[in-house]
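Novice: Read top to bottom, the protein sequences are chains A and B. Position one of the first sequence corresponds to residue 1 (the UniProt record's numbering), numbered consecutively onward. Position one of the second sequence corresponds to residue 1 (the UniProt record's numbering), numbered consecutively onward.
Among the hints, a few may not be true.
Stated by the list, open to error - Sample of chain A residues facing chain B (criterion: CB under 8 angstroms; computed from the structure):
hint	residue
1	S26
2	W56
3	T58
4	V63
5	R67
6	T74
7	Q78
8	N244
9	A261
Claimed, not checked - Derived, one-sided and incomplete: chain A residues facing chain B with beta-carbon distance under 7 angstroms:
hint	residue
10	E61
11	A248
12	V263
Derived from the structure by calculation, the hints contain no laboratory data. Ideal placement from N, C-alpha and C gives every residue a C-beta, glycine not left out.
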Amino acid sequence: MKRALSLIGAAVAAFLGSSAQAETLSIATVNNGDMIRMQKLAEHFTKAHPDITLNWVTLEENVLRQRITTDIATKGGQYDVLTIGTYEVPIWTKQKWLKPLDKLGANYDVEDLLPSIRSGLTTDGTLYAAPFYGESSMVMYRKDLFEKAGLTMPEAPTWSFIADAARKLTDKQNELYGICLRGKAGWGENMAFLSAMANSFGARWFDMNWKPQFNTDPWKQTLTTYLGVMKDAGPPGASSNGFNENLALFQTGKCAMWIDATVAASFVSNPAQSKVADKVGYALAPDNGLGKRSNWLWAWSLAVPASSKKGDAAQTFISWATSKEYLDLVAKEEGWANVPPGTRSSLYANAEYRKAAPFADLTLKSIQAADPQHPTVQEVPYTGVQFVAIPEFQGIGTAVGQAFSAALAGQMTADQALQSAQALTTREMTKAGYIK
Amino acid sequence: MARAATNRQKLVVTLIAWTIGIVIFFPILWTALTSFKTEAEAIASPPSFLAFHWTLENYTEVQQRSDYFLHFWNSVVISVGSTLIGLMVAVPAAWSMAFVPGKRTRDVLMWMLSTKMLPPVGVLIPIYLLFRDFGLLDSRIGLVIVLTLINLPIIVWMLFTYFREIPGEILEAARMDGAGLRDEILFVLLPMAVPGIASTLLLNIILAWNEAFWTLNLSASQSAPLTAFIASYSSPEGLFYAKLSAASTMAVAPILVLGWFSQKQLVRGLTFGAVK
Chain A
1 MKRALSLIGA
11 AVAAFLGSSA
21 QAETLSIATV
31 NNGDMIRMQK
41 LAEHFTKAHP
51 DITLNWVTLE
61 ENVLRQRITT
71 DIATKGGQYD
81 VLTIGTYEVP
91 IWTKQKWLKP
101 LDKLGANYDV
111 EDLLPSIRSG
121 LTTDGTLYAA
131 PFYGESSMVM
141 YRKDLFEKAG
151 LTMPEAPTWS
161 FIADAARKLT
171 DKQNELYGIC
181 LRGKAGWGEN
191 MAFLSAMANS
201 FGARWFDMNW
211 KPQFNTDPWK
221 QTLTTYLGVM
231 KDAGPPGASS
241 NGFNENLALF
251 QTGKCAMWID
261 ATVAASFVSN
271 PAQSKVADKV
281 GYALAPDNGL
291 GKRSNWLWAW
301 SLAVPASSKK
311 GDAAQTFISW
321 ATSKEYLDLV
331 AKEEGWANVP
341 PGTRSSLYAN
351 AEYRKAAPFA
361 DLTLKSIQAA
371 DPQHPTVQEV
381 PYTGVQFVAI
391 PEFQGIGTAV
401 GQAFSAALAG
411 QMTADQALQS
421 AQALTTREMT
431 KAGYIK
Chain B
1 MARAATNRQK
11 LVVTLIAWTI
21 GIVIFFPILW
31 TALTSFKTEA
41 EAIASPPSFL
51 AFHWTLENYT
61 EVQQRSDYFL
71 HFWNSVVISV
81 GSTLIGLMVA
91 VPAAWSMAFV
101 PGKRTRDVLM
111 WMLSTKMLPP
121 VGVLIPIYLL
131 FRDFGLLDSR
141 IGLVIVLTLI
151 NLPIIVWMLF
161 TYFREIPGEI
171 LEAARMDGAG
181 LRDEILFVLL
191 PMAVPGIAST
201 LLLNIILAWN
211 EAFWTLNLSA
221 SQSAPLTAFI
231 ASYSSPEGLF
241 YAKLSAASTM
251 AVAPILVLGW
261 FSQKQLVRGL
271 TFGAVK
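So that you can see chain B by itself, here it is in the shape it has in the complex:
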């Protein structure tokens, strides 16, 4: 009887999980399906789910009109570059906050987080002027710098949370065995925090990949990543949904594949220390 109830519970929970999963995934699925429709079918009402004339013409046109690989490469450089630099700065910062906290550590952490509360457009003009004066407009290095700064509070917070789960005694033991600060962080702390660092890395690559305000406003033709590639297919006058869907599918596909292959690592990292 108890076993039957458990099975029923399992079935219900599985059904709920699948429903939520499908609801969350549906917009991406619909975008992918629309990308294979003609513009007329993309706006048809009622819309057809699978029974439409499948075509690759939108992908052909997007390939002809845009330099996808330039935008893709810009996205890779900007997201991976900003995440790696962010990690290099955040690891020592999170180490000091987790293992040698001062009186004001909590305040500093909160203050760092508070920078995320400001609407980005509020600092657009000052940042734009700085970029202009330093010659960083429409450059990948400029976008790497700005995305590093924007995502740094999240990276520090995530690493701080993971580091706190590691017993300080292990680091102390390493110090007693003669390890310097560099060795302590590189050879003792980091190997133990690999799942947390990996999930921080992946999450920040995804955040940087999807960032659309700064990447649109500070780029022009040379450093424009995939967000600008998508934005170029929206039209004020004329139907564009199918072509926009094709561009969006091409833009999210790489990050979707990355997420798919690293989902185990992501889940492990995100739940690291959640159950003791």
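The following block holds chain A by itself, in its conformation from the complex:
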């Protein structure tokens, strides 16, 4: 009996000893190229920090959002590092769901983070998430087709130029479409594009009293311009097209122009994937001369949930993954073209990076042109460029996206879609208590 007890005691001591030696971090992330690269390079981190081991949970974006929202709201404590976007950060910090990032280390050059990206991740002067890669949106176009048609793309085009060029370049018989834009319903799908586009037309989601604004002229101009150009110059079945579908169309030479995330530039210019890699030009997202361009701002960022018991180790990892040294490591191991973009000013001052990424200048200009604190021409009570940073937006944005997608599919007119959007948004905002 004594012997059995001493054996159990030894086993418990060994177990406790082993758990005291290494701290295991659970990291939830999405399956994007830059994140997968981070997983591959993480052995450099664990070599430098033998007391920390990493467990990765990679999930599809919407599944990940649902999964980590459930966990963080119930204080489940399943994760120590979360991959979240600029939409979640202001909402979650208000709920006190995130730990402040105050232990990133003395060498972590926080001033080097791009100001517009940093401001989207900061609440009351405190950084709550560190940007892993940032993106805006821009125009990607086929230089060869523009030249053939005698057109010249300006660096900062207007919507009327884009619409005219799209119609001129369309050759539906040869499956060449003037423009490819998002049509798939979803707050992060067609509504990311349309909300940013609406900003350039002077539209806004809400006035200062949280009253929905879909019954105003700027929204009508936005939607009719979008539906008109997509009807005349868009691909068939565009109401089901998101980022990946348009990427496939552009890479196979079926789109003359594509307005979408700046991160797409590295895909369309990669000869291993793209048939048009050497023919792609870039321009800023279009405007209407009202002072706001139709480009958005997003940053996939790393944060520590308040429920994590391994906050210090988690911040050590975040500090490594979002540091200047990490960018150098990626450049050394995988080349400068594969460095995660859109987070640090120093990257855009680096001559080697600028040489490897011909779209670097426009990416930076696009990111700088977006201001999440003042996203619209008129004053608004919310922050966020292509979203409204309130918890209700996911539901409302997707429902409005469904109405606009139905209009693109020809199931309703622009007026009907706007009426439906106005009615459902008013109902939800009243229910949520924003409208008294």
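For chain A, the structure is supplied; the task is to place chain B on it using the hints.
Specialist: Just chain B, lined up with the frame of chain A:
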């Protein structure tokens, strides 16, 4: 003449059966074919059926990036474990409903089935809180419990249907010969219901293997089964169809092989008592 008509009928019926079979199998075939394409070929339009550059690079990358065998083993434990525990509970329940029905047996059966009508997301938060408090999050035992509970109504219903086809007199005779309840169920009822039990077992393993809501929401890194393995290859930004197809093919292959080898048993069980 009559023989010719019969042959023609046979030919038509065979053709229809093959067409339906191919239509049902086509998505799996297409997934398997896509898994051997490059990402560029996977999105090519028009798509090529067989004339493409065959490659194993997607399988290589999936093997390098993920611990397939951990996910596979989790799937085996969760699906087999939940089915076996479910059967242990369901056999006595179905026995009592089939052979000693009460006034409310039908209502109880309907009530059990009604639990399947609730969208799972409706109880996600309460279940999640329970799992958190009992320390069951990201554990195989937790997933076995939840999948047992979810599939139990189907197991009970299937067994009840099979048991009803067995004449109660045989059990009565066993009782008169001195068999106790345990012996009656173990040595008389179960041997007679083997085809039904086998098909229930196989069908529930397949259902548990494919269950994607609870297995995704209650697992993280340690207990994640093959559903999470597949979900990790979908990407919001970047082409992923070929790699996702490779992961999907690897995930469905074991259950496809199981289904192939046990198809005789499955069909026999599913049609048990259908023709008298």
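Novice: Each of the hints needs a verdict: does it hold here or not?
Specialist: Outcome of the hint check:
| no. | hint | in the structure |
| --- | --- | --- |
| 1 | S26 | 6 angstroms, holds |
| 2 | W56 | 7 angstroms, holds |
| 3 | T58 | 4 angstroms, holds |
| 4 | V63 | 5 angstroms, holds |
| 5 | R67 | 6 angstroms, holds |
| 6 | T74 | 5 angstroms, holds |
| 7 | Q78 | 5 angstroms, holds |
| 8 | N244 | 6 angstroms, holds |
| 9 | A261 | 6 angstroms, holds |
| 10 | E61 | 4 angstroms, holds |
| 11 | A248 | 4 angstroms, holds |
| 12 | V263 | 6 angstroms, holds |
Consistency with the previously given hints is maintained throughout, with no hint failing.
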